[in-house]
Amino acid sequence: MPERVKVVENILSANDRLATVINQQLKAHRVFSINLMASPGAGKTSLIEQTIRILSTKMRIGMINGDIATSLDADRAAAAGAIAVQINTGGECHLDAVMLQQGLQSIDLANLDLLLVENVGNLVCPASFDLGTHKNVLIASTPEGDDKPYKYPGMYRGVDALVINKIDLMPYLNFDMNRFCQGVEILNPGVITFKVSCRSGEGVNTWTDWLLANVADYKKQF
Amino acid sequence: MHELTVTESLLEIALRHAEKAKAQRITALNLVIGQMASIVDESIQFYWTIIANETIAREAQLNFRRIQTEFTCQACKTVYNPLDDSFLCPHCQSENVRLSAGDEFFLESIEIES
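Protein sequences appear in the order of chains A and B.
Note that our numbering has the first sequence beginning at 1, numbered continuously upward.
Note that our numbering has the second sequence beginning at 1, numbered continuously upward.
Next comes chain A alone, as it looks inside the complex:
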């Protein structure tokens, strides 16, 4: 007779265990880290460039970029003043804890206060893979349309902060901010939201102030 054994374990538990190891590794070096997720073209690298320009006088910033190919994004971050490492995922559509751990071997955590992890542009897969970072951040952009929370609820539900980029384009688009924010609020009640334009710089300071406060809070435990 077959016997039933209760398991109740997250299907990606192997990834989650490694994410915990990464989290401890970051803590050992007192590095605060952010996992930045978005669709392709939302402005992940632009936000990273702005963030580095504003914060690099206040802290040491590193950036790990996951991309299917090329090092264009890591080059942009390096040009803006960060220590940048490229992980080419070789076709994988998301970063997982294994890939991030490999990337971490190429960066000296002892020389960092803040690590920005730029995930592969994708609104589905990255949401499932915990990386062990301290905050998960989603960058949405107005040209993507106001229906995105409704179409990709899994992504909007799991993040700690939301940046809405390209607000300078709103006069030219049919983007209904109320409809968009209503979907977000239902999926992720109270999630902190920043409305920015990486092109004009509008609102970017509210985001970097939040980041600065989070890094300061994190450092208090040491």
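Everything labelled a hint here was simulated from the structure, so no lab data went into it.
Computed from a prediction, not measured in an experiment: that's the story for all the values here.
Treat the hints with care, since some could be wrong.
[Unchecked claim] Simulated crosslink set (DMTMM-like; lysine to aspartate or glutamate; CA at most 25 Å straight-line):
{"id": "1", "chain 1": "B", "residue 1": "Lys22", "chain 2": "A", "residue 2": "Glu9"}
{"id": "2", "chain 1": "B", "residue 1": "Lys20", "chain 2": "A", "residue 2": "Asp16"}
{"id": "3", "chain 1": "B", "residue 1": "Lys77", "chain 2": "A", "residue 2": "Glu185"}
Please arrange chain B on chain A, whose structure you already have, making use of the hints.
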């Protein structure tokens, strides 16, 4: 999504629990998957036949219990499945609603012979 990674992880979990229970054979895996997790059952089944082939889970049946996305209205307590383009309560139009099901993604149990 990334069905091969999911299948590998499933096999690892199932074998670990089977070993603990001193199983000779794993006959079934009972999975609970919410609608928000975008994985394809047939694809997992396909990978399973390849990667579990040399293991005691070779003949295991994969049972998928799919859970539909469901909201509960905090105002009038209506429980409902949302429309494609709106999450609002269909009864009272409130936006004070909370997701109550649909983000499950776990292996609930395995069935073994020992």
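Do the hints match the structure? See the list:
1. B/Lys22 to A/Glu9: Satisfied, since the Cα-Cα distance of roughly 19 Å is no more than 25 Å.
2. B/Lys20 to A/Asp16: holds, 21 Å
3. B/Lys77 to A/Glu185: holds, 18 Å
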